[in-house]
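Novice: As a plain string of letters, each chain reads:
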Amino acid sequence: MENLSLVVFTVLGQGAAGMAFVLALQGLSRKEPPGGRLTVSYSVMIVLLGIAGMASLLHLGQPFRAINVLGGLAHGSPLSWEIVSVALFGAIAALVSMLHIRRHPLANNRVLQVTTAIAGLVMVFTMSRVYNLHTVDPWFSIWTPVQFMMTSLVLGFASVITLDAMHSTGMQWMRVGVTVSALLTFMSIPLFVLFLGSLPGMTTILADNGLTMARCALLAVGALLLGMPLVNRKYIPACSIAGVACLVASELAGRVMFYDLLAFRIL
Amino acid sequence: MGKQYGFFIDTNKCTGCNTCRIACKDFFDLPLGVNFRRVYEYEGGSWARQDDGWYPDIFAYYVSISCNHCEEPACVSACPTGAMHKRGEDGLVAVNQDICVGCRYCEMACPYGAPQYNAEKKVMSKCDGCFARIPMGRKPVCVEACPMRAIEFDTLENLRSKHGDLADIAPLPIAEKTTPSLVIRANRMARPTGDTSGNLQNPMEV
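Those protein sequences? They're chains C and H, same order as listed. Numbering-wise, full-length UniProt numbering puts 217 at position 217 of the first sequence, and it's gapless, one number per residue. Numbering-wise, full-length UniProt numbering puts 133 at position 133 of the second sequence, and it's gapless, one number per residue.
Treat each hint with caution, since some may be false.
Here are some, though not all, of the chain C residues that point toward chain H, as calculated from beta-carbon distances under 8 Å [what the hints assert, rightly or not]:
| hint | residue |
| --- | --- |
| 1 | A66 |
| 2 | V69 |
| 3 | G72 |
| 4 | H75 |
| 5 | I83 |
| 6 | A87 |
| 7 | L133 |
| 8 | L196 |
Derived contacts from chain C toward chain H, CB cut-off under 8 Å, selection only [as the list claims (entries may be wrong)]:
| hint | residue |
| --- | --- |
| 9 | G53 |
| 10 | A55 |
| 11 | H59 |
| 12 | N68 |
| 13 | S77 |
| 14 | S80 |
| 15 | H134 |
| 16 | T135 |
| 17 | V136 |
| 18 | P200 |
| 19 | L261 |
| 20 | L262 |
What the simulated footprint calls covered on chain H by chain C, stretch by stretch (three residues with Cβ under 8 Å from a Cβ of chain C suffice, anywhere in the stretch; the number is not a length) [stated by the list, open to error]:
| hint | segment |
| --- | --- |
| 21 | 71-84 |
| 22 | 100-108 |
Derived from the structure by calculation, the hints contain no laboratory data. For each residue, glycine too, the CB sits at the ideal point set by N, CA and C.
From just these sequences and the hints, can you work out the full model?
Specialist: Now the structure itself:
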């Protein structure tokens, strides 16, 4: 559990990026809720990113030297680039949040919304490059960026749906989005486990993984709770909140398992 | 670039006594849990059919490994601060603890477990090939301590001309990953890298 702070950093950071993406889509589709709800959404996004940033600092042995990470840009350290992209996304997201809080006319600027979303996606991409190490076989595959992107989509859709609660009638496309994202994530789990099984010495992780089973269960329940209004046309706020809680727990469980894969290296 | 120094380990001679590991810990006053040199005990086996019956076909050997001062060190390319660096004069990989932020990314990247987080100093630490002893004509502490004389330290060119160029056996990872400055004399029972018939017997020790 020494990487718990990184679990929180990556999951919440990717969730914030997912929110930026969904909010940009919402803006482009011109199906935005009343301004107050958007302010709440952007504020929650920046708070999530702030918590993620704090968690990443907690991981460092010497957090007061954090500025030294710029030194790795020269030789292209993936971690240096990740930190730059987090800072960039954070700056843009903070700007947009502030514009919404101050009810500035630029707050609903489409270019700004799309730029925020792109900055978020770039951050998720640089995060996945950090873990695509050729010396760590369980991480060195297409499944690392796939898992990171799915976390963004699942948590992005789930968070915006829940925060837009008062505007529930215009969110069918988001409910479809969260259901499809959760389904794709669900399907990717056994495929990832199959990939792990192909690596030498990884059979023990397949034999004993209650964490993966818990993750699948939480994913299914969360998707069901958030996708249910598509079928029964009833919106229950408690179900929405429970649904997003299940999905966050599911993604945290999945990320803990991801970091635990390091323990299966022989040396 | 100057010379490239490296280690040679004779796994036929290594008895797993851990004198090398302890000598290094003592010399550098390393805390509990930090081991610049680690001795891996790899064991396994099965049964083999011979004429009139089945006989045990088992193997057990030790591999003493520190930092391999790789030609393409994964830790150096991973390091976000430049603290982890490869020295030009001797090719040894060292960490500048005054710059290191203790992110442990090098620890994730290295396939040999060489970078070790020092919880007391809150920065990374690792074998530096005892480069301070080279100008004095001394060998690294682990080399001088080994009672079996199973470890050598010299330029990679000299080691390879004396002992060949084998750089990986089980349980070590494939050498192509980082091109370690390491030469191994394989134990007579040694299994090739990637072998899954054996297991590491002392995971808590390393």
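Novice: Please go over all the hints and tell whether each is borne out by the structure.
Specialist: Taking the hints in turn, this is what the structure says about them:
1. Residue-level restraint check for A66/C holds (minimum Cβ-Cβ distance to chain H is 6 Å; threshold 8 Å).
2. The interface hint given for V69/C holds, since its Cβ lies 4 Å from the closest Cβ of chain H, which is under the 8 Å cut-off.
3. A cut of 8 Å between beta carbons decides the hint on G72/C: the least distance to chain H is about 4 Å, and the hint holds.
4. Hint status for H75/C: holds, given a least beta-carbon distance of 6 Å to chain H, under 8 Å.
5. Interface restraint check: I83/C against chain H, minimum CB-CB distance 7 Å, threshold 8 Å, status holds.
6. Hint status for A87/C relative to chain H: violated, with the closest Cβ pair at about 13 Å, above 8 Å.
7. For L133/C, the interface hint holds, since its Cβ comes within 8 Å of a Cβ in chain H; the closest pair sits about 5 Å apart.
8. For the restraint placing L196/C at the interface with chain H, the shortest Cβ-Cβ distance is roughly 14 Å, beyond the 8 Å limit, so the hint is violated.
9. Given hint, G53/C at the interface with chain H, is violated; its Cβ is 14 Å from that chain's nearest Cβ, farther than 8 Å.
10. With a cut of 8 Å, the hint placing A55/C at the interface with chain H is violated, because the nearest CB-to-CB distance is about 13 Å.
11. About 7 Å separates the beta-carbon of H59/C from the nearest beta-carbon of chain H, less than 8 Å, and the hint is met.
12. Taken as an interface hint, N68/C checks out: its beta carbon lies about 4 Å from the nearest beta carbon of chain H, inside 8 Å.
13. Because the closest C-beta pair between S77/C and chain H is about 5 Å apart, less than 8 Å, the hint holds.
14. Restraint check, S80/C versus chain H: the minimum CB separation of about 4 Å is within 8 Å; hint holds.
15. Checking H134/C against chain H by beta carbon gives a least distance of about 7 Å; that is within 8 Å, so the hint holds.
16. Taking 8 Å as the C-beta cut-off, the interface hint given for T135/C holds, the closest approach to chain H being about 4 Å.
17. Residue-level restraint check for V136/C holds (minimum Cβ-Cβ distance to chain H is 7 Å; threshold 8 Å).
18. At a threshold of 8 Å, the smallest CB-CB gap from P200/C to chain H is about 5 Å, leaving the interface hint in force.
19. With its C-beta approaching chain H no nearer than about 11 Å, L261/C sits outside the 8 Å limit, and its interface hint is violated.
20. At a threshold of 8 Å, the smallest CB-CB gap from L262/C to chain H is about 6 Å, leaving the interface hint in force.
21. Proximity of the segment 71-84 of chain H to chain C, defined as three or more residues with a beta carbon under 8 Å from a beta carbon of that chain, is established by the 9 residues found.
22. Only residues whose C-beta sits within less than 8 Å of a C-beta in chain C count toward coverage, and the segment 100-108 of chain H has 7 of them, enough to reach three; the restraint holds.
Hints 6, 8, 9, 10 and 19 from the earlier list are contradicted by this structure; the remaining hints agree with it.
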